[in-house]
Structure formats: structure tokens, C-alpha cells
Amino acid sequence: MTRALILSLASAVLLSTGAPAAARGDRDQDHLREAAAQGEVIPLNKLIAEVRSRPPYNGMTYLGGPQFIASQMVYALKFMDGSQVVVVYVDARTGRIVGRKP
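So the sequence shown is residues -21 to -1, 1 to 81, counted in mature numbering (1 follows the signal peptide of the UniProt record, and there is no 0).
Derived by calculation from the structure, the hints in this document are not laboratory data. Be a bit skeptical, because a hint or two may be false.
Stated by the list, open to error - Lysine to aspartate or glutamate pairs mimicking DMTMM-like chemistry, simulated, CA-CA at most 25 Å apart:
#1 25 to 7
#2 25 to 13
#3 80 to 60
#4 25 to 60
#5 80 to 29
#6 80 to 7
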């Protein structure tokens, strides 16, 4: 039952945050592709691996569905910490964690 609750909560969070991103997704993706082609950003899979290797995120489950905020050149990565979703903001250029909710 706990697992079902966690999966339901995670799904709800992912669905609720996906709609605004879809509206601007093409523009952000174009910006990201351009930055990647010029070597201005760290590849996403490397960023995710780096964050997952750091405490306390190494003890959390990565939920996937990263969002890219082009205006800030930041990725929002979602993790599950027990029954709480944690969003970690990572600078795409440096790999530095620049924020977290909650």
C-alpha cells in the first residue's frame, strides 16, 4: 500500500508539472541543443549521475522526467525521499546544485 501511495504521489507531481513545460518545451529544447552543440552544458546523463552520487541524493530514488529551464540554464531533477518529492536544481553549465525544494 505504501508503494502504491508513493507511486501515485510521484505520478501526480510529474503530471502536474509537465503541462507548463510542454508549452515552452520546443523553445527550451532548441536552446539546449544549441548550448550542447557549442559545449556550453554538461550532458544530462552525467549531471544526473553526479547528483545521484552525492549525499543525501544517493539515498533517494531518481524519478526521471528532468526539466530544463533555459532562461537560467538549470535542470530540475526530481527525487523521492521516503514519501516526499524533492526537486533539485542543477546548473547545466557547471553541475553545481543551485537549489532544492523542499
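Straight-line alpha-carbon gap residue 25 to residue 13, limit 25 Å
18 Å, holds
Take the C-alpha atoms of residue 80 and residue 29, compute the straight-line distance between them, and say whether it is at most 25 Å.
18 Å, holds
Are the Cα atoms of residue 25 and residue 60 separated by 25 Å or less?
21 Å, holds
Proposed proximity, residue 60 with residue 80 (alpha carbon, max 25 Å)
12 Å, holds
Residue 25 and residue 7 were given as a pair; does the straight-line alpha-carbon distance stay at or below 25 Å?
Judged against 25 Å, a Cα distance of about 19 Å means the pair holds.
Residue 80 paired with residue 7 [C-alpha distance capped at 25 Å]:
22 Å, holds
Of the numbered hints stated above, none is contradicted by the structure.
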